[in-house]
Amino acid sequence: MSLVRFLNVAKEYPRGGVALSHASFQLHKGEFAFLTGPSGSGKSTILKLIYMEERPTAGDVLVSGVSARDASRREVSMVRRHLGIVFQDFRLLEDRTAEQNVAFALEVTGIPTDMIRPRVARVLTQVGLASKGTAYPRELSGGEQQRVAIARSLVNDPYVLIADEPTGNLDDRATRGVFQLLRDINTAGTAVIMATHDLDLIRRTEYRSIELNHGRLVYDSAETPPPPKEPSAVAPSHHDENPI
Amino acid sequence: MMALREAFSAFRRAPLLSALGVVTIAFSLFAFGLFGLVAINIRDALQSIENRVEIRAFIADGTPVEASSAAMGDIHAFPEVLSVTYVSQDDALIRARKELGEFSDVFEPGVLPASLDIKLKPGYRDPTTVLAVANRVKSYDFVDDVRYGEDWVAKLYRLRTIATLVGTGLGLAFAAVAVIIIGATIRIMVMARAREISIMRLVGATNGFIRLPFVLEGFIQGVMGGLLALGLTWATSSAISHSFMRTAFFDPTLATLGVIGGALIGLLGSTFAVGRQLRRL
Numbered sequence: 001m002s003l004v005r006f007l008n009v010a011k012e013y014p015r016g017g018v019a020l021s022h023a024s025f026q027l028h029k030g031e032f033a034f035l036t037g038p039s040g041s042g043k044s045t046i047l048k049l050i051y052m053e054e055r056p057t058a059g060d061v062l063v064s065g066v067s068a069r070d071a072s073r074r075e076v077s078m079v080r081r082h083l084g085i086v087f088q089d090f091r092l093l094e095d096r097t098a099e100q101n102v103a104f105a106l107e108v109t110g111i112p113t114d115m116i117r118p119r120v121a122r123v124l125t126q127v128g129l130a131s132k133g134t135a136y137p138r139e140l141s142g143g144e145q146q147r148v149a150i151a152r153s154l155v156n157d158p159y160v161l162i163a164d165e166p167t168g169n170l171d172d173r174a175t176r177g178v179f180q181l182l183r184d185i186n187t188a189g190t191a192v193i194m195a196t197h198d199l200d201l202i203r204r205t206e207y208r209s210i211e212l213n214h215g216r217l218v219y220d221s222a223e224t225p226p227p228p229k230e231p232s233a234v235a236p237s238h239h240d241e242n243p244i
Numbered sequence: 001m002m003a004l005r006e007a008f009s010a011f012r013r014a015p016l017l018s019a020l021g022v023v024t025i026a027f028s029l030f031a032f033g034l035f036g037l038v039a040i041n042i043r044d045a046l047q048s049i050e051n052r053v054e055i056r057a058f059i060a061d062g063t064p065v066e067a068s069s070a071a072m073g074d075i076h077a078f079p080e081v082l083s084v085t086y087v088s089q090d091d092a093l094i095r096a097r098k099e100l101g102e103f104s105d106v107f108e109p110g111v112l113p114a115s116l117d118i119k120l121k122p123g124y125r126d127p128t129t130v131l132a133v134a135n136r137v138k139s140y141d142f143v144d145d146v147r148y149g150e151d152w153v154a155k156l157y158r159l160r161t162i163a164t165l166v167g168t169g170l171g172l173a174f175a176a177v178a179v180i181i182i183g184a185t186i187r188i189m190v191m192a193r194a195r196e197i198s199i200m201r202l203v204g205a206t207n208g209f210i211r212l213p214f215v216l217e218g219f220i221q222g223v224m225g226g227l228l229a230l231g232l233t234w235a236t237s238s239a240i241s242h243s244f245m246r247t248a249f250f251d252p253t254l255a256t257l258g259v260i261g262g263a264l265i266g267l268l269g270s271t272f273a274v275g276r277q278l279r280r281l
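If you read the protein sequences in the order shown, they are chains A and B. Residue numbering for the first sequence follows this note's numbering, beginning at 1 and increasing consecutively. Residue numbering for the second sequence follows this note's numbering, beginning at 1 and increasing consecutively.
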């Protein structure tokens with residue numbers, strides 16, 4: 001069952017030129033997919049199209065059956081309640097505690113107040129921050145802040161978790177921790193689509209990898225199996241343009 | 001409920017920014033209030049002068065009391081007339097002596113004529129109506145002459161018209177400046193929370209949901225600013241009353257309207273500002 005469908009999608013910005021062209025792919029239930037490619041290749045554009053921050057110039061993006069071309073503002077809000085979104089810069093509210101940041105995502109859905117506390121506690125435990133619920137973002141490390149952001153994205157039980165370079169601001173140890181967390185979330189059944197520059201992460205797993213270059217989808221491991229891996233091998237040819 | 005909680009918690013989270021909003025609304029309305037104070041005091045002064053508009057019909061010597069009494073009844077029945085008072089020759093003398101103090105011995109008994117003093121109802125004291133009533137009164141045979149201070153009635157009305165026009169113009173200008181300043185302040189406050197708004201949208205908040213706490217916050221700030229402005233205006237009015245001259249203050253209805261005005265400016269200002277921000281994001 002495909003949760004996200006890109007149907008020959010193009011995205012053009014009035015002053016920024018073509019960000020994406022002829023992009024077609026699907027993301028299935030329970031799948032984990034990496035989006036890779038150099039800066040400006042269109043990774044973030046794809047993610048923005050999924051959470052409907054942007055609308056396609058041509059083609060269509062269907063998220064759980066809702067068309068990005070036609071969705072009303074209200075429909076976009078409803079779609080986002082079933083998506084978890086995580087950013088490189090965490091996007092936490094600095095004047096609220098970890099618990100309040102997570103609860104915020106539930107409050108906007110109008111869920112009864114007495115149901116919020118247990119759900120917040122559950123996801124904070126899930127991301128390993130049960131003891132830091134009352135801490136403010138400035139009192140947490142980068143890795144911990146990203147875990148709070150992930151907890152916030154999980155609290156509405158999303159069917160897709162969208163992560164835009166979630167480890168970009170983290171050291172190796174925090175990166176491993178956050179990535180493991182995303183894997184656990186995926187194992188529990190949530191589809192994950194993650195934009196990253198970190199080729200090591202991609203090489204270490206068997207997950208699907210979609211590569212972009214100049215706004216074009218140039219490689220999708222779901223359609224073309226990757227060449228056999230060698231421990232010390234250089235990146236395969238389709239990754240040559242990646243700066244990492 | 002959450003919107004109300006969010007609105008109040010904004011004061012706790014960003015006290016300086018919230019205080020800035022309240023103080024801006026308060027001072028803008030205070031400036032407007034001071035202008036209003038000047039306007040109502042000018043209006044009251046003109047009103048007290050206007051209350052003195054009176055038609056005096058001098059009665060010819062030898063007029064029988066029955067004739068003037070009958071005329072009094074007629075004149076009192078005019079729709080424009082508030083009261084008619086008969087002033088005998090003796091009463092006229094007493095009044096003149098009282099009014100002219102040191103020249104009181106100038107008047108001899110029987111020099112001053114008796115008169116009918118006619119006061120007009122409010123709304124009928126304009127030069128045209130005064131002239132019309134005066135002409136009607138003049139038509140009585142026993143009326144020698146009619147005086148109503150035609151020059152100063154005309155001047156008073158000109159002054160009142162000018163005061164009304166200037167007052168309305170300045171009032172609108174003050175109100176417009178207040179709205180612009182308050183609107184700009186609210187916009188700054190909303191822009192300072194652009195990040196919060198964008199996060200609310202990302203987690204699926206509808207525009208209505210995002211807007212509500214800001215609108216409530218603007219409303220609360222407007223009420224607080226309005227009350228503060230009212231307090232400042234009252235303090236200024238009291239200080240002037242104690243130090244210089246007695247001044248009139250807004251009646252409860254006007255004072256309430258001022259606070260409601262502040263609340264509306266806060267509410268509308270934040271509605272527009274957050275709407276604009278939502279369109280940008």
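Calculated directly from the structure, the hints in this document are not laboratory data. All figures in this text were calculated on a predicted structure; none of them were measured in a lab. Do not take every clue at face value.
To be verified - Under 10 Å between C-beta atoms, here's a sample of chain B residues computed to sit facing chain A:
no.	residue
1	M2
2	R13
3	D141
4	A205
5	F209
Claimed, not checked - To list a few chain B residues with every Cβ distance to chain A over 10 Å, as calculated:
no.	residue
6	A14
7	L20
8	L37
9	P79
10	A96
11	P109
12	T161
13	A235
14	F250
Positions of the beta carbon are idealized from the N, C-alpha and C atoms, including for glycine.
Status of the hints after comparison with the structure:
1. M2: This hint holds: B:M2 lies near chain A, its Cβ roughly 5 Å from the closest one there, short of 10 Å.
2. R13: Given a least distance of 5 Å, the restraint on B:R13 holds.
3. D141: With a closest approach of 83 Å, the B:D141 hint is violated.
4. A205: holds (4 Å)
5. F209: Result: holds, 6 Å to nearest chain A Cβ.
6. A14: At about 8 Å from chain A, B:A14 fails to clear the 10 Å cut-off, so the statement is violated.
7. L20: holds (17 Å)
8. L37: holds (40 Å)
9. P79: Its Cβ never comes within 10 Å of chain A, the nearest being 61 Å, so this holds.
10. A96: holds (78 Å)
11. P109: holds (89 Å)
12. T161: Its Cβ never comes within 10 Å of chain A, the nearest being 52 Å, so this holds.
13. A235: holds (35 Å)
14. F250: holds (39 Å)
The structure is inconsistent with the numbered hints 3 and 6, although it conforms to all the rest.
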